[in-house]
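Residue numbers (the working numbering), protein chains in the order written: chain Z, 643 to 973; chain A, 18 to 298.
Just to be clear, a hint being listed does not mean it is correct.
[Unchecked claim] Here are the simulated distance ranges between beta carbons:
id, chain 1, residue 1, chain 2, residue 2, range
1, A, P69, Z, L652, 54 to 62 Å
2, A, G136, Z, A681, 53 to 61 Å
3, Z, L701, A, P162, 58 to 66 Å
[Claimed, not checked] Here are the simulated DMTMM-like cross-link-like pairs (lysine to aspartate or glutamate), alpha carbons at most 25 Å apart as the crow flies:
id, chain 1, residue 1, chain 2, residue 2
4, A, K217, Z, E892
5, Z, K697, Z, D939
6, A, K217, A, E267
7, A, K217, Z, D939
8, Z, K936, Z, E893
9, A, K217, Z, E893
If you are wondering where the hints come from, they were derived from the structure by calculation, not from laboratory data.
Beta carbons: idealized from backbone N, C-alpha and C, even for Gly.
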Amino acid sequence: MRNKGAAEALKKCLKGFLCLLFGLLCAFLALFFLAWANARNGEAALRSALDEGVKPLLLGGGADALSFLKAALPLTLLSLSVALAWQGGLYQLGAVGQYALGMAAALALNGRGLPWYAGLLAALAMGALAGAASGWMKARFCVHEALSSALLCFLSLYAARALCQAAPIPETVREYPAAAFVAGGALTALCFVCLYAAVWGRAVRLMGDCRALAAYAGEDTGRLTALLMSFSGLLAGGAGGIAVLLGAAEEPSLALLFSGPGIQSLTAAALGGGYPGGALVFGPVTAWLARGAKAMDSALFPGEIGEAALTVGLYLAAFFAFPRRKGGEKA
Amino acid sequence: MSFASSAVLYTAALILGAVGAGFLGPGWETALSLEGVMLLGGLAGALASHLPAALSLLTAGCAGMVYALIFVFPACRLRNDRVVSAAALCGLASTLAMLIARQLGGVSYTRKAYALLLGGENVTVFLPVGLGLALGGWILLGHTPWGLRLRLCARDEAAAGRWGLPLGRARLAGAALFGFFAGIAGLAALIALGGGWQLKWGVGGLGLLSLAALRAGKRKPLPVLLFALLLGLARAGADWAAQMDLGAPEALWPALCFLLAALLLPLGGHGKSRGSDEENN
Chain Z
643 MRNKGAAEAL
653 KKCLKGFLCL
663 LFGLLCAFLA
673 LFFLAWANAR
683 NGEAALRSAL
693 DEGVKPLLLG
703 GGADALSFLK
713 AALPLTLLSL
723 SVALAWQGGL
733 YQLGAVGQYA
743 LGMAAALALN
753 GRGLPWYAGL
763 LAALAMGALA
773 GAASGWMKAR
783 FCVHEALSSA
793 LLCFLSLYAA
803 RALCQAAPIP
813 ETVREYPAAA
823 FVAGGALTAL
833 CFVCLYAAVW
843 GRAVRLMGDC
853 RALAAYAGED
863 TGRLTALLMS
873 FSGLLAGGAG
883 GIAVLLGAAE
893 EPSLALLFSG
903 PGIQSLTAAA
913 LGGGYPGGAL
923 VFGPVTAWLA
933 RGAKAMDSAL
943 FPGEIGEAAL
953 TVGLYLAAFF
963 AFPRRKGGEK
973 A
Chain A
18 MSFASSAVLY
28 TAALILGAVG
38 AGFLGPGWET
48 ALSLEGVMLL
58 GGLAGALASH
68 LPAALSLLTA
78 GCAGMVYALI
88 FVFPACRLRN
98 DRVVSAAALC
108 GLASTLAMLI
118 ARQLGGVSYT
128 RKAYALLLGG
138 ENVTVFLPVG
148 LGLALGGWIL
158 LGHTPWGLRL
168 RLCARDEAAA
178 GRWGLPLGRA
188 RLAGAALFGF
198 FAGIAGLAAL
208 IALGGGWQLK
218 WGVGGLGLLS
228 LAALRAGKRK
238 PLPVLLFALL
248 LGLARAGADW
258 AAQMDLGAPE
268 ALWPALCFLL
278 AALLLPLGGH
288 GKSRGSDEEN
298 N
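Input sequences plus hints: build the corresponding full structure.
Here it is in structure tokens:
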């Protein structure tokens with residue numbers, strides 16, 4: 643049974659990889675047409691598309707390993723939060739809102755005479771609260787968590803922005819990279835331990851496979867839902883706090899949702915087949931491509947092409963790689 | 018822009034979005050792509066804003082329809098995870114909108130074509146257009162045999178197929194109408210959000226507010242209209258409060274609007290789960 647699960651996860655990750663390849667192919671075609679519109683010569687356009695478009699995109703911007711890890715860690719944690727919720731059969735579309743809230747809370751407490759973990763704890767708490775709200779609505783009022791989490795995502799993004807306007811970001815944000823990496827590792831380990839080694843995790847995975855069976859087995863699916871969304875929110879909020887500790891924080895705005903960590907985290911989780919292990923693989927891959935997209939020559943090739951490649955990959959993953967649900971159960 | 022114009026635009030956007038989502042059937046999953054379709058339709062309409070209002074509205078509707086037919090229809094018809102595909106469509110629409118805007122060197126539009134004076138107040142053409150289209154949509158969906166077939170096909174494809182209902186055509190028509198209404202809603206939304214609004218921010222969550230109004234109203238015409246009006250007024254009030262500089266952060270007011278929408282969500286349910294998610298949603 644365990645081997646079957648691992649084999650299934652690997653198969654879905656391979657499908658996700660193929661979806662991403664197709665997305666990159668679409669990006670290459672877009673780069674070629676843009677280059678051809680400038681050059682009007684097929685060979686020059688092809689060379690331009692490859693040298694100034696594809697090469698920086700695939701090389702990830704050519705930055706050093708540390709700066710790549712600083713970008714990849716928050717995104718990977720965000721993807722993990724989405725994948726964790728999926729394991730319980732829930733859609734976590736509010737992850738980036740919780741991330742922004744966590745980031746805003748950590749920025750508000752950064753450098754105000756408090757220890758480094760104060761901001762992180764505040765970020766974890768804010769993320770958990772925001773996630774719990776969506777889970778509670780599902781459990782108590784049967785509101786589809788995709789709708790409630792997406793709505794609360796916008797609420798969180800605006801609230802985070804309001805928090806940053808009320809408590810302006812300090813001139814110099816104090817960085818604690820070592821602590822951030824340790825915290826990120828600890829949160830990831832906690833996620834895996836809770837999901838695969840704890841009794842609670844077995845109940846969550848049972849609920850993800852078949853909600854009705856979990857209820858029949860005596861599990862309180864409402865409580866599990868609220869706890870799972872809360873834990874997922876905690877990871878997302880923690881990602882925001884860790885981004886501040888790494889010095890990778892940005893001002894919260896709605897742009898995070900569609901052209902930033904929002905869509906990127908969902909892409910990484912979906913390409914990974916909805917498995918936390920897959921999110922750990924595709925999180926860094928997505929971060930790599932996102933950095934590469936920014937490194938392209940923006941005069942010729944807009945960075946949005948990299949984002950378009952990821953969203954095409956996500957769209958295809960919905961058809962081929964992500965576990966399909968039918969009537970609330972995994973197919 | 019005056020409060021009245023702003024309120025009319027936001028309400029029209031919300032009610033048109035809600036009616037459009039109604040054509041996709043009872044499931045919420047695919048309708049989550051409303052944000053993306055509204056953005057692309059709104060962008061197309063804004064680019065055509067120098068034309069007469071009718072043409073601009075038609076452009077917006079057709080752009081939304083094309084996007085919905087290319088991407089939303091396969092998501093309705095083929096086996097896929099609809100929430101994930103809807104989220105992908107929102108992201109893709111945002112990316113496409115920004116690419117188009119960048120290639121055109123920015124997007125500027127004029128509101129003159131949409132002006133309509135009523136009692137000295139500019140209520141914009143979206144007042145009659147929004148009400149007329151919404152009424153037409155509700156009649157089509159709720160009081161015609163065609164609408165009944167559409168709803169049945171969306172509700173239970175297997176049963177509809179067994180009884181010989183034309184699934185493919187019904188879903189195609191549903192997706193087309195969804196895109197058309199969402200496109201016009203997006204144009205209203207972009208005009209309401211104003212010239213300083215950036216496309217990378219989408220349509221500011223107005224698609225989700227439409228879905229919240231639809232759920233809170235339990236898909237009944239009058240309650241949905243009233244909730245759309247409430248949320249439209251709240252959103253217009255948020256813009257007004259932000260302009261008034263009342264001593265609170267600017268972003269607080271739209272946040273309160275979404276908080277109101279979140280508080281309205283439970284109104285559309287039946288309390289604790291009594292069945293599957295599809296029954297209760």
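Right, here's what the structure says about each hint:
no., hint, verdict
1, A:P69 / Z:L652: 54 to 62 Å, "holds, 58 Å"
2, A:G136 / Z:A681: 53 to 61 Å, "holds, 58 Å"
3, Z:L701 / A:P162: 58 to 66 Å, "holds, 59 Å"
4, A:K217 / Z:E892, "holds, 15 Å"
5, Z:K697 / Z:D939, "holds, 11 Å"
6, A:K217 / A:E267, "holds, 19 Å"
7, A:K217 / Z:D939, "holds, 20 Å"
8, Z:K936 / Z:E893, "holds, 18 Å"
9, A:K217 / Z:E893, "holds, 14 Å"
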